[in-house]
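The primary structure of each chain is shown beneath.
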Amino acid sequence: MSLLLLSSVTKRYGAVTALDRASLNIEPGTLTAIVGASGSGKTTLLRMIAGFEAPDTGNIVFDGGDIAGPSGMVPAHRRGIGLVAQEGALFPHLSVGGNIGFGMERRSDPGAVDALLRAVELDPAIRKRMPHELSGGQQQRVALARAMARHPKLMLLDEPFSALDAGLRSNMREMVKRRLTEEGVTGILVTHDQQEALSFADQLAVLEEGRVVQAGSPRELYLQPRTEMLAKFLGDALLIDGRVQGGETDTPLGRIRVGRATSDGPARVMLRPEQVRLVPWSEGTPTAEIVSASFEGPITMVRFRAGGATFTLKVPSADAPVQGRASIVLIGTGHVIPAAG
Amino acid sequence: MLSAEIAAPRPLPAPAARLRRLPQNAPVLAAATIIALLSLIPLGFILVVAISAGWDQVVKLVIRPRVGELLLNTVWLEAITLPITIVLAVALAWLTERTALPGARWWAALMVAPLAIPAFVQSYAWNSVLPQLHGLWGAVVIAVISYLPFVYLPVAAQLKRLDPALEDGAASLGKGPAEIFWRVVLPQLRLPICAGALLVGLHLLGEYGLFVLMRFDTFATAIVDQFQSVYNGPAANLLGGVLVLCCVVLFGIEAVARGDRRYARLGTGAARMPVQHELGAWMIAALALLAITATLSLGVTLATLLRWLWIGGASIWALRDIGAALAQTVGLSIGGAIITTVLAMPMAWLSVRGSSRFQRGLEAAHLYAGALPGIIIALALVSITVRVMLPLYQTAATLVFAYALMFLPRALTGLRSSMAQAPVELERAAMSLGRPPLVAVWRTTMRLAAPGIAASVALVALGISNELTGTLLLAPNGTRTLATKFWALTSELDYAAASPYALLLILLSLPLVVLLRRQADRALSA
Amino acid sequence: MRFRLPLLAGLLLASLAGPAFADDGIVVYNAQHEELTQEWADGFTKETGIKVTLRNGSDTELGNQILQEGAASPADVFLTENSPAMVLVDGAGLFEPLGKDITDLVAEGYRPVSGNWTGIAARSTVFAYNPDKISEDKLPKSIMDLADPSWQGRWAASPSGADFQAIIAAMLELKGEAATSAWLKAEKANSIAYRGNTAAMKGVDNGEVDGAIIYHYYYFGDKAKTGENSSHVQLHFFKGQDPGAFVSVSGGGVLKTSQHKADALAFLKWIVGPGGQKVLRDGTSYEYAIGNGAESNPALPPLASLEAPKVDPALLNSQKVTELMTDAGLL
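Residue numbers (my numbering), protein chains in the order written: chain A, 4 to 344; chain Y, 1340 to 1865; chain G, 45 to 375.
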């Protein structure tokens, strides 16, 4: 049974529709990432789950009970859903210990505070310090500890790593994932960073203009995105027009298998760059005319012409063709983006 | 005596770009030092009087029942007025800034408007309507309605800027709205509350007209009484010394209450707009509270004023006298304001272009006099000019100098925030193009800061036009400002004749309200 | 723009540098009620064409100012409401002795024996009471009665004013330091302090106190205007040479340092002569006239009937009074 179920939730602000019949199902013990560009409605969605906004239509069921819907709304402070905000939002007038103890029933239990600090890999001595004395990463850890102090069933994370340096980000990500999994806390992470989304979560939900366009495993979304925007969002994508015939499609880059269920006809095919290989040229193969090659360390950016169109591809430098012609080899399955509508 | 700034007279933090000291600093530094030394005159005077009076006389004149009585009055006044003002101001600010109140912007304007009415005019109106209201409770009521905006303004400005993420976080940690207010919002209001309360506390110490009409004796009223009876006697000056000590105590209390904890938002992200709470069933009560406050602080006085104007009819409009008073007020205000602003310029420029311990000391010297009641400054200057500099005695120059001391902090704060917007690179560019330093600064920074400087001059001018006690003591006997003429007529209980002067004072003060509101917002975002 | 601003500033500073003085005519430091003195000035200027510039202030303030200014003082004439300030200035030897032509115009007892200054008007101490709150038979027989504990919280005065301090100066002269000091201490315990005689009278009118020690003319003046501060007020004259029947003499003198002595003396002579005293009779000040053979305003009870105690106005010591009042905690 699901822990959190959003059914056809709509939210309008004046003329702007922030959420348009969004539906989402979260299983207990999983980590879900909600991704989307700014303005896609992901913050609204999170605030609605947290209890700071009420849906205009639709309802939300959490842990078997209605928390928002036509019958009313459970206020945020009674939902038992944890929240880690974008910059931690630690209370500046309380010490670290004071912050963590803020939500606890028995606030004067230093042992519990220490345990929480250790769990987020911080030295318990930090308890006496004030938030402004901590680094960004430390503040986020304390924010997590503070939210964990109440043992919530569901934890919401609102772009918690966006204010941190890149190097710190993956460390923090791993730590948060560890904590949540160890405690059995279901997590929902809102992010606009695709790498974060792909590596953190069991389930990915993509919001575009207030609608959940696709939800599934990262692998599924990466290899079989339902929209072009999503395809480009989750990584580099080569989008080319081709013609499907009998389970295969002809593209300027050559011929490739497509999904069995795809019907014949013109199609928009998505290939991931790692599916395209440039090998030394041989007769009778799809040909790439190298226009330019720019060395960038482990990869080389190669510009080539094929089938009347120009493509740019990142190729491993070890066997990158730098001039002349190369043969194009396609591996794996091409994915056809479903027509809109 | 609206001297100490609403955002608290503390030096600004050093600018982010650390500047190398310009070698051309020296003349400006010298100018600022001279002005700072002049500012220390009142303080030095008090000390000299205390020392020269001899210990025996000091004891005799200070340790006596009358002083005990005045001290008790002062303590009661502060202890009762301040909590009421704080609670009321926070409640009203919360209602106008953080709730879905209909017409919130209008209510906010009404809450600030009483600033346009000098405290002694409020007292006059209430006294003519309700003569039974006097003594401690009369003083408390009038003080609360007159000084409420001093706390309301900074608290409202801070409430607007609160990071909603903190309140959201507290809610997600299981705290209900009431607990969130106590444990998260209120601690963040500590700074503005302390700043506003300090301002109110200092005004209570220095205010004269209000308390005279309420027949409530404070140090300020006793000093004027002594002064008018004995003139330049030691008793008045020593009472002044006790008053200065009270100021110091207030500063100490505020420093302790303020603490050294930081309350500014952490992080750099843009804050979301704070949530406006629904009032639901509390709407009626909220509107009632706002309406009652507005009526008491504005309605009563304005209605009384209009009534007296009506009763007086055409005869009270003695245009020659009123015109003369208006001209003198405007002349002294603008002249005084320009001089004050010019005197504040060296320090303002120094403080936005760099910082050092010495400079901070200079700045403190510039600012402290604004916290002294006007009467102390006047007293000091009377005594000094009489004993040491007779040609300056009873001249407009001395009066203007007193105004400068009282309003330097206001000019300084206004100048700083507008000068800080002009980058130093422009000055350097002008200098590299061959302009001498002073001209470079004049042509670049001053030009850019001109609107802010003009606003600052206006603010000081309006403060001077409302000033009563210092003018009473220092003005050359021909002088009749709107405030002193109003006071003379009120003392004769000639309410009708006094009303045109009160009206003009309020009209002159209206721009003050608008400017102060904008400055309070700007000071917090600086 | 380059030069205009500094020029403007310079002019402004220059204009503020010194007080403006009238170059022609005389300068009068006036502590009397402005309206009255203005009437005198206007009458005098009309008759003689000499211009009169008034500097208004209070007794002590102007008296001390003259002392401080010393030889540099621009004052030609000094007019007061009460005598102590005159004594103060006279004590510093700053007055020009007046000739018999002036002093003969003033009734004896309303000018000091020394002849350095003269009285110009007079006012009587009264006990203004509210007949609704206290009946005539309960009124105090002497001002000294008010020290009695039975009067606690029932009477008022304006102790910070020069008027009241003059009354105390008379009490000091008549009853001595010990009695005055004791009375002042009792006043601290018994009376309500107002600021200004009008305020004290209004307090009586409101019923806040039973009565107040003020000067007579506040009552008559109010009655002649709207009467709103005196509708429930009656006057009680102590009589019987009681200190409470003290008649305070307003003084006038010419400064030795005056540059326009002749004109100044002429002005003073005019005030105490028929012209000036007529203003007191016909005008709205309701102060008593003290010229020889001059009549006061018919609304007032005759000066002679007031049975005022004999006090030499030159003996009134304001400094001692403020000392005693400070000791008693009134100041």
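Please keep in mind that the hints were generated in silico from the structure rather than gathered at the bench. The model shown is predicted, which means the values in this text are computed figures rather than measured ones. Be a bit skeptical, because a hint or two may be false.
Unchecked claim - Restricting the straight-line Cα-Cα distance to at most 27 Å, the calculated cross-link-like pairs of lysine-lysine (BS3-like) are:
{"hint": "1", "chain 1": "G", "residue 1": "LYS354", "chain 2": "G", "residue 2": "LYS283"}
{"hint": "2", "chain 1": "G", "residue 1": "LYS144", "chain 2": "G", "residue 2": "LYS95"}
{"hint": "3", "chain 1": "Y", "residue 1": "LYS1514", "chain 2": "A", "residue 2": "LYS156"}
{"hint": "4", "chain 1": "G", "residue 1": "LYS305", "chain 2": "G", "residue 2": "LYS322"}
{"hint": "5", "chain 1": "G", "residue 1": "LYS364", "chain 2": "Y", "residue 2": "LYS1399"}
{"hint": "6", "chain 1": "G", "residue 1": "LYS144", "chain 2": "G", "residue 2": "LYS182"}
{"hint": "7", "chain 1": "G", "residue 1": "LYS144", "chain 2": "G", "residue 2": "LYS354"}
{"hint": "8", "chain 1": "G", "residue 1": "LYS283", "chain 2": "Y", "residue 2": "LYS1399"}
{"hint": "9", "chain 1": "G", "residue 1": "LYS229", "chain 2": "Y", "residue 2": "LYS1399"}
{"hint": "10", "chain 1": "G", "residue 1": "LYS95", "chain 2": "G", "residue 2": "LYS219"}
{"hint": "11", "chain 1": "G", "residue 1": "LYS232", "chain 2": "G", "residue 2": "LYS283"}
{"hint": "12", "chain 1": "G", "residue 1": "LYS229", "chain 2": "G", "residue 2": "LYS95"}
{"hint": "13", "chain 1": "Y", "residue 1": "LYS1514", "chain 2": "A", "residue 2": "LYS131"}
{"hint": "14", "chain 1": "G", "residue 1": "LYS95", "chain 2": "G", "residue 2": "LYS232"}
{"hint": "15", "chain 1": "G", "residue 1": "LYS185", "chain 2": "G", "residue 2": "LYS322"}
{"hint": "16", "chain 1": "G", "residue 1": "LYS95", "chain 2": "Y", "residue 2": "LYS1399"}
{"hint": "17", "chain 1": "G", "residue 1": "LYS144", "chain 2": "G", "residue 2": "LYS305"}
{"hint": "18", "chain 1": "G", "residue 1": "LYS269", "chain 2": "G", "residue 2": "LYS177"}
Against the structure, the hints:
no. : hint                   : result
1   : LYS354(G) - LYS283(G)  : holds (12 Å)
2   : LYS144(G) - LYS95(G)   : holds (25 Å)
3   : LYS1514(Y) - LYS156(A) : holds (17 Å)
4   : LYS305(G) - LYS322(G)  : holds (24 Å)
5   : LYS364(G) - LYS1399(Y) : holds (16 Å)
6   : LYS144(G) - LYS182(G)  : violated (47 Å)
7   : LYS144(G) - LYS354(G)  : holds (22 Å)
8   : LYS283(G) - LYS1399(Y) : violated (38 Å)
9   : LYS229(G) - LYS1399(Y) : holds (17 Å)
10  : LYS95(G) - LYS219(G)   : violated (44 Å)
11  : LYS232(G) - LYS283(G)  : holds (25 Å)
12  : LYS229(G) - LYS95(G)   : violated (47 Å)
13  : LYS1514(Y) - LYS131(A) : holds (23 Å)
14  : LYS95(G) - LYS232(G)   : violated (46 Å)
15  : LYS185(G) - LYS322(G)  : violated (34 Å)
16  : LYS95(G) - LYS1399(Y)  : violated (49 Å)
17  : LYS144(G) - LYS305(G)  : holds (16 Å)
18  : LYS269(G) - LYS177(G)  : holds (24 Å)
The structure is inconsistent with the numbered hints 6, 8, 10, 12, 14, 15, 16, although it conforms to all the rest.
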